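*Asks:* Using the hints, position chain B against chain A.
There are 2 protein chains.
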Amino acid sequence: MSVSSEHERIARLGARLRSGALAEQDVGIGDDAAFLHPELVVSVDAAVEGVHFLPRFAPWAALARRAAVAALSDLAAMGAAPMGMLSSLILPRGLDDATFDALVEGYAQAADEHGAPVIGGNLAAGTEVSMTTTVLGRTSAPLLRSGARPGDALYVTGAPGAAALGLHALLRERETDDRFARFVEAWRRPWARIDAGLALRGHASAAIDVSDGLLADLGHLCAASGVGATIDIGALPHDATFDAAAAALGRDPVELVLGGGEAYELLFATAGASPIEATRVGTVDAEPGVRLRHADGRVAPATLAGFDHFASGGER
Amino acid sequence: MSVSSEHERIARLGARLRSGALAEQDVGIGDDAAFLHPELVVSVDAAVEGVHFLPRFAPWAALARRAAVAALSDLAAMGAAPMGMLSSLILPRGLDDATFDALVEGYAQAADEHGAPVIGGNLAAGTEVSMTTTVLGRTSAPLLRSGARPGDALYVTGAPGAAALGLHALLRERETDDRFARFVEAWRRPWARIDAGLALRGHASAAIDVSDGLLADLGHLCAASGVGATIDIGALPHDATFDAAAAALGRDPVELVLGGGEAYELLFATAGASPIEATRVGTVDAEPGVRLRHADGRVAPATLAGFDHFASGGER
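Protein chains in written order, with numbering that gives the first Met the number 0: chain A, 0 to 315; chain B, 0 to 315.
With the rest of the complex left out, here is chain A (with noise of 0.2 angstroms):
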């Protein structure tokens, strides 16, 4: 009996299912998410208890406005405006009401911040709660992961370890800690970057959401670009507070910039200067693979792995 990891499950399914029904321009299987006759944008996403939250991290609504915020990060990475979204909740026959309105509630906010109004669903029973958000957007011209180019240099927004050590706050049972509350309430309440990526069309060769972690979702960019890419550990965005939190927990703050998950910030490429705030992390190369240059000007290859939810037997 043989357990592959979850990128190879990914790439067998690809390889089984690849969409040869599709039209020439279209995009399938392999991308933050499928790309339908030059307009529509469509992807689907699951936030499982147990997996990818505990109840206690968090109030229902703000984890059901989560699960379809990282729905919607998949829009942003198309540089897609969103249409609209679809919610499947899988809920245990005792839930009251008052949680189910709750995630309701956490929909509702989701839709009405990203505008993109809930226009169907389905609720089902089950052992666990779990949320699975199919979201459609709209873009005559996508951002793909395919595009980057020896040369171009590679940005990110935002911070893309917040959200990493607030959960590392929540894992310890410190969100009540003042130095963690900024960072908890970035794992709480994410943002997706709908108007960055809107704005990127026709700028960035290439771009992805972080939601693996930068390293991991740089390294599936590159390996869809036919490139490499190298980052400067110098450049990272992290300031001296994240770095204190990020001590405070035992953790790596470098690590956690490049390895933390569920940022939902949009790392990219581009042959210019960004046309958005962004924070400058590095340059694409023509030799595969990831590096990382150090503090003294050493590169050496790139060692992080992202989450991987079935080969991590980890904390989460």
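Calculated from the structure, these hints are not laboratory results.
Note that this is a predicted model, so its numbers are computed, not measured.
Check before you lean on any hint, since a few could be wrong.
Said to hold, decoys possible - Pairwise CB distance ranges, derived in the manner of DEER restraints: (1) B:Gly114 x A:Ala294: 50 to 58 angstroms; (2) A:Pro287 x B:Ala97: 31 to 39 angstroms; (3) A:Glu254 x B:Thr175: 51 to 59 angstroms.
Claimed, not checked - Short derived list, chain A residues pointing at chain B, Cβ under 8 angstroms: (4) Val2; (5) Ile9; (6) Ala10; (7) Leu39; (8) Val41; (9) Ala45; (10) Val47; (11) Gly93; (12) Asp96; (13) Phe99; (14) Ala123; (15) Ala124; (16) Val298.
Beta carbons are placed, not taken as given, at the ideal position from N, Cα and C, and that holds for glycine.
*Replies:* Same frame as chain A, but now just chain B:
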């Protein structure tokens, strides 16, 4: 702590999420699927282990194919041509690769058979297997639930009780008994009535797929149309083989035809004759509610309830 029924919850969900941002001609929550920007139809459905199926009921490929068909059936009910599917799988961490490959195979079969390529999806870990399928289709003339008018004839395709009879055989572990083979196969290998749905455009005044059960789904159609209906029990489609198999399991054949869910047949109303092969089972009335005309001519309110995952503490 209150735990309301699935239908009550859907009503509350609709009240909070009612799609205010949709264009005038669009349909959000409340029909078989959402109808967006005249051409796009989208819906989502989940199949959960222990709720919708047990692993012993069929090979994994058949269970996955069935999950996809259940979702595709909503496109059929809307009179939409499939464009593609997204498959969001939640799988136990130890699930072996042979099972995973079988799930993929099942989706591939459904995709090939129904002309609906899998264009994306998601993998996550969880306690039990759940398969959430988003389907996308297109039509410029959707079949809605809401157009039935008094005097319209009611038709249903195929044999709406067959899958439910097969499920009863499976629950009693009688699937190897030749008397039940045809019905077990009906449960294991349903088909979405895509061609029927397409043929009904411009002919049916209202349509719905039989997923909760003929009477329950007729109730949904009538409520959406602001009408009632009378079903003629003597006209219901079931043959002597069906009746004998039902009797062998201690089930009433008429109750199976009226109450059996997961049939994925189409129930529709039309002012004219049916343009497709289907059985006329009754008539639309102005008086709200669903009634049954018994063999002796007596007409009485229908009392069977469709299956409700949340309210039911039953055998499934």
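*Asks:* Does each hint hold? Answer for all of them.
*Replies:* Results for each hint:
| no. | hint | result |
| --- | --- | --- |
| 1 | B:Gly114 x A:Ala294: 50 to 58 angstroms | holds, 56 angstroms |
| 2 | A:Pro287 x B:Ala97: 31 to 39 angstroms | holds, 32 angstroms |
| 3 | A:Glu254 x B:Thr175: 51 to 59 angstroms | holds, 57 angstroms |
| 4 | Val2 | holds, 6 angstroms |
| 5 | Ile9 | holds, 7 angstroms |
| 6 | Ala10 | violated, 11 angstroms |
| 7 | Leu39 | holds, 7 angstroms |
| 8 | Val41 | holds, 6 angstroms |
| 9 | Ala45 | holds, 5 angstroms |
| 10 | Val47 | holds, 5 angstroms |
| 11 | Gly93 | holds, 6 angstroms |
| 12 | Asp96 | holds, 5 angstroms |
| 13 | Phe99 | holds, 6 angstroms |
| 14 | Ala123 | holds, 5 angstroms |
| 15 | Ala124 | holds, 5 angstroms |
| 16 | Val298 | violated, 33 angstroms |
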